[in-house]
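J.: Here's the letter readout for the chains.
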Amino acid sequence: MSKKIIDRLQKDHGDAVEETSDFRGDHEARVKAKSWKKVALWLRDDLQMDHLIDLTAVDYPEREPEEPRFEMKLFVRSTKTNERIRLATRVGDGEKIDSLVEVWRGANWAEREVFDMFGIPFEGHPDLRRILMYEEFEGFPLRKDYPIDRTQPLVAYRKVEGTDKLPPFGPDEGQPWGRIDWQKRLDGEEVQVSPSIGVQSGDRKALSTGPEHGE
Amino acid sequence: MPTFKLDGQEIPFEPGDTIIRAAWRQGIEIPHYCWHPGLSIAANCRMCLVEIKSGRQMALPILEWDAKKKEYVNATKPKLQPACQIQAQEDMEVESKSDNALKAQETTQEFLLLNHPVDCPICDQAGECKLQDYWLTSQKKLKRKKTEPVHKPKGVRFGPTIVYDAERCIMCTRCIRFVDEVANDPVLDMRERGNTNEIVLSPGRELDNDYTLMTEHVCPVGALTSRDFRFKARVWFLKSQPGVCTGCATGCNTWVDYDPRYQRVYRLRPRDNEDVNQYWMCDDGMLTYHAFHEDRIVAGRVFAQGRVNEVPRDQALAAAAQVIGKAEKGKLAVVLSAQHSSEDNFVLGQLAAEHLGADRFYLTGKPDWRGDEILRHTDQNPNRNGAKAVSPTAPEPMSRLVSDIEAGEVTAVISLGPATELTEAELAPIQNLASQGAGAASHVNLTANAGPLTSAASVVVPVTSVAESSGTFVNADGIAQQFKKAVQAPGGIQPAWHTLVEIGKMLGWEIDLARLGDVRAAMPKALPAAAEEAAPAPA
Amino acid sequence: MEPHYEALEDENTLELPSEPMRLNMGPSHPAMHGTIRMVLELDGESIVDVDIQPGYLHRGFEKSCERGTWNQVFPYADRLNYVSPMLNNVGFALAVEKLIGLEIPERGTYYRTILGELARISDHLTCNGASAMELGAFTPFLWLIKVRDWIWDIQEQETGARLTHSFGRIGGMAAPPTDGFKESVLAIFDEIDHAMMESEALLLKNRIFLDRTQNIGNLSQEHAIAMGCTGIILRSTGVDYDVRKAYPYMFYDRFDFDVPVGHDGDNYDRFICRFEEIRQSMSIIRQALEQMPKSGPVSCDDVRYVYPDKSDVYNTIEGTIAHFKLVMEGLKPPPGEVYSFTEGGNGELGFYIVSDGSGTPYRVRCRPPCWYNLQACRDMLLGDMIADIIPTFGSINMIGGECDR
Amino acid sequence: MGTVKQVIGGLDAGFVTTKFNDLLAWAQKYSLFQYPFVTACCGMEFMAVAGPRYDMARFGAEAPRFSPRQADLLWVVGTISQRQAPALRRIYEQMAEPKWVLAFGTCASCGGFYDNYTTVPGIDKIIPVDVFVPGCPPRPEAVFDGLMLLQEKIQTGKKGPLVVPPAHLPKLAQLRQKGSTVDFGTAEIQRLEAERGEDVKLLEPGDGEG
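If you read the protein sequences in the order shown, they are chains X, Z, W and L. Following the numbering used here, the residues of the first sequence are numbered contiguously, the last one being 215. Following the numbering used here, the residues of the second sequence are numbered contiguously, the last one being 754. Following the numbering used here, the residues of the third sequence are numbered contiguously, the last one being 1159. Following the numbering used here, the residues of the fourth sequence are numbered contiguously, the last one being 1369.
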């Protein structure tokens, strides 16, 4: 990852850049969502960033509503100069973002995966289908508020005796301090996730709160 | 509001606040063992030492090892001061993360662990132990001392509820200060000095007052453990839901700690609430969780052929519906319970008034007990005010019900909860009423536990306990507080209000109360419950 | 992407123009390794269009990582590219160490290098053996699997497991090398050489093999780069991109080794490149074994991240607390995000990890080389015959666990 | 060979009589035609099993048939995702009776540690299973244990699924285990208990406690 590119980006597309960072030598530039494709083209043509490495997203549900929820990440490198850069942008829930397939054909499957896992629609993608999950699948697994153990079987399970989970398996499988229950956290109900993070109440910490069973 | 600087951050404080308290109000924790928001200041653990940049600098002369000269040279280092004792002042500049402060914390922590036994695997505090937390944040080093640690008494019985382990003790004296200042029963003190000193009981006394379990709660390490909780569960498998104590009319706020794998409650802990219980609870209150699981009514009971038969829940519901359906107009007595949530009482009162035209409402509850001026209220019932508030007409005492029955004005009773002030003898008329069988006249009781009213009923319908349902209590001061469902009720048991709705549906009534939200919406706005949310109280 | 109709336009094709036919290969097909589905658009025998559908082995790697502690990711990472688990182990460990800023002792790094290269050898042996078998040459498969088993014996002697070791740790390795490590590694090298020579003797003069690999499944350099291909697939087209050379990590800058590149990116080049890489890996291992310190720790001693000695855990309270904190809450890296990449069995294996400062990863993204290599498979297949799918797909070395994660 | 009823003229004379079913079972158990449904990591071990060192041919089960109609033993090797499940179900239904299913590895047996939105928690949720081979992946030795269990099952016509017992489990514990697949008889158990009894030393009062 290289600093020169960030500087050139600042110079040529200063208006598009929202924020730059270099943590542990990884240079990242966050650009406005609308100039996502423009900057990508510029990277490919002016900087010979011809080698697409990866494209993915991260879900920060707690940013909403002030900030867009998803953060798209693009990793590209140049086969000529061996330079690398990480490009980022923020997309809200349901907002469209320009597809990069015309810039790097390799983005095709990567974008399909992001669409499949996070539900981010891409503008101008040749065929935007689910790729890892099946068409019948509802919801987007890698969103934080999708419960990890919610299955949607295609084949009805046989009735087998004594194969359901018994304690200590079950709701939390003995995970210390329990799993993070994102749904509750977003509802603002969860007092604490683990002793390491969270509010300090009185003298002794509250343990993480449990699931509200219905009602 | 004046402010001072802590690590460059502006902290507002009220005049008289110490640094640590002002920071704590902002949710910033300065490492500490002996300081407790509800206790006096001892400043003896030296963990909260901070560097105060503003004002007159104090310096200590020290000898410093000079690597070049290969000898000790005279040097000075700033004098650190305990954040728990120094009062915050306008524009004060405090450094709790400066090198000197961190060094001091590290050294203090190392000394505290110097003679600590290797007990984490068998210690009940493991997982919520300050020694563990601060080791990670402040020390981060393995042991340097190679010699045998000092040994001190283990497993000393302090009283019926508390066991003391001197080796784990760090002498923060929180327990001593608590029994002295809060419980007003100064039986604890410390003897000896240095690495041999320990907590002892006053000669001839033992730790046996109404607030002994609090000493365990304020203990920042595993020195004091409660005989009720020790060796029962591991805290990192427990989860907490905000609850309200059912012990008395004070309505202390609690954390209900339960294990989601076994759906069982293991302990109650006080939840801070400046308006109600500050940081404390009484022993009887902390032990009320036993009622969530012990002598529970999980199946229905129907009195027939002169004996009580256990029946499944649905049959009990049918029998109850039959009794209520047969009840003569105006001769049905509705007994609300000060032990049940406002929601339960409200639904019972509403349904009876609307669909049965009942106008006789009575209020039952546990008899008064010995109160004190700390927390314990003489009224043992958490929700007397709430029940009164939601009752269609002002409820009569139970004694009146007895006389009404004797006068023959009441031939059927539907009652809530197991508790009653009446004695065995006074209950006799209700008993007789019940023993006539589930026929013309009878007594239906909805309850979670067995109790006097239960044994005087001809039909018993199981309902959930407080830990298994959400609801609202109104305490003696009229503060309405909501508690949350923690564990799943056994065998599909439903809350009392829901059970009543089911019975009503069996009788073909039109009821549009499906969820708790509907009930709360329908409850009189006069009740603050609809507005106020109890959980979790800002410290 | 428009379908490819070259075969129809060609004058010399004697076939009668026929209706395009839809054919479904997989998801359970012997040549599809069980987990890929190809919907083919056929004209006669030649492939007009193909829709490759991965995802039949999606096991929720990334979601599962957001559940446990950082060290609990290793078993999952093992099963990404399950032909060379140690490479994934090391890759993930390096990523988290980059996030924390941990330096691990020299000996540990060398140890990682050697075990990783052994895994790479077994990966290539498996791939070439299997693709030869799918072309009917069963004997090379037997020979190569035989030597692969010897490599696994060494892995087992070191880590205790034949295949899925979970041997890497954040800040080092689980255990130091065993006593006979160097000798046992050097002992099998001649065997590997021998087996490869024999297999090559059988295959490289074999008309059938050559016909089915040479100029089959060609991939042009531009396509390969634009598709994001890495590793053998990219190198076989003539691009000398190897992470070990381009961005040397660990001690790869201390070794002298070559990066084999192909010429016209067909199955034959890929096959040859794999065998050549095995030889390079062996020379790397030889050098590493020489340079590796004879004694010393393989893990760093920062008790916030690395498990303390058992003797400390059992005898001192500090050790007990450290163990308790690491097991129950997990180590806590600083908040932040890094992307760290290594040369995996199939190309650039990247881990993009996000930490919120807690003991549980906030996001673990694995950049799977197979994913992009398989994407380029369409370009390779268009215009070829249906029978060419077998060698082409075999030479890509698609590993379901890594591709679908 | 099943239960030999009667040997006429000694074995050298070379013919014995037995029940037809036993003979059939004996023939079937040594000529298993397998359909390898290989999806994941376990496939690598499956290669090793088929490879020269472990040589599955010894058990007469080496011939793979990639058409379910020609196979009578279905190896489910590796994780089965929800998306793959219909294919597995279909293939099982296409196989002709008599057919057996062997769950190769932990994922196939119970889903393993992939307890999430996409993985089937054990193929017995989809199709009936005859033998479970635990292990992630199982060692070839364990696989052969499973194969022999299956042969035993075919021969004796045992009902219900069998599980390969862990290797490290003490023999006594194995015997005591519910649904143990091997029956050494009570005499054996008593003998082992006797052995165990000897090396158990009773603590003298005061021992060990300082």
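Simulated from the structure, these hints should not be mistaken for lab results. Please read these numbers as outputs of a predicted model, since none were measured by experiment. Be aware that a few hints might be false.
[Claimed, not checked] Covered stretches of chain L (in silico footprint by chain W; criterion: 3 or more residues with CB under 8 Å from a CB of chain W, positions within the stretch not fixed): (1) 1197-1204; (2) 1210-1216; (3) 1288-1300; (4) 1308-1321.
Cβ coordinates follow ideal geometry from the N, Cα and C atoms, glycine included.
J.: Next, verify each hint and record whether it holds.
T.: Consistency of the hints with the structure:
1. Coverage of the stretch 1197-1204 of chain L by chain W holds [criterion: at least 3 residues with CB-CB distance below 8 Å; count 7].
2. Only residues whose C-beta sits within less than 8 Å of a C-beta in chain W count toward coverage, and the stretch 1210-1216 of chain L has 3 of them, enough to reach three; the restraint holds.
3. Coverage of the stretch 1288-1300 of chain L by chain W holds [criterion: at least 3 residues with CB-CB distance below 8 Å; count 3].
4. Counting residues of the stretch 1308-1321 of chain L whose beta-carbon sits less than 8 Å from any beta-carbon of chain W gives 0, not enough to reach three: the coverage restraint is violated.
When held up to the earlier numbered hints, the structure conflicts with hint 4 and nothing else.
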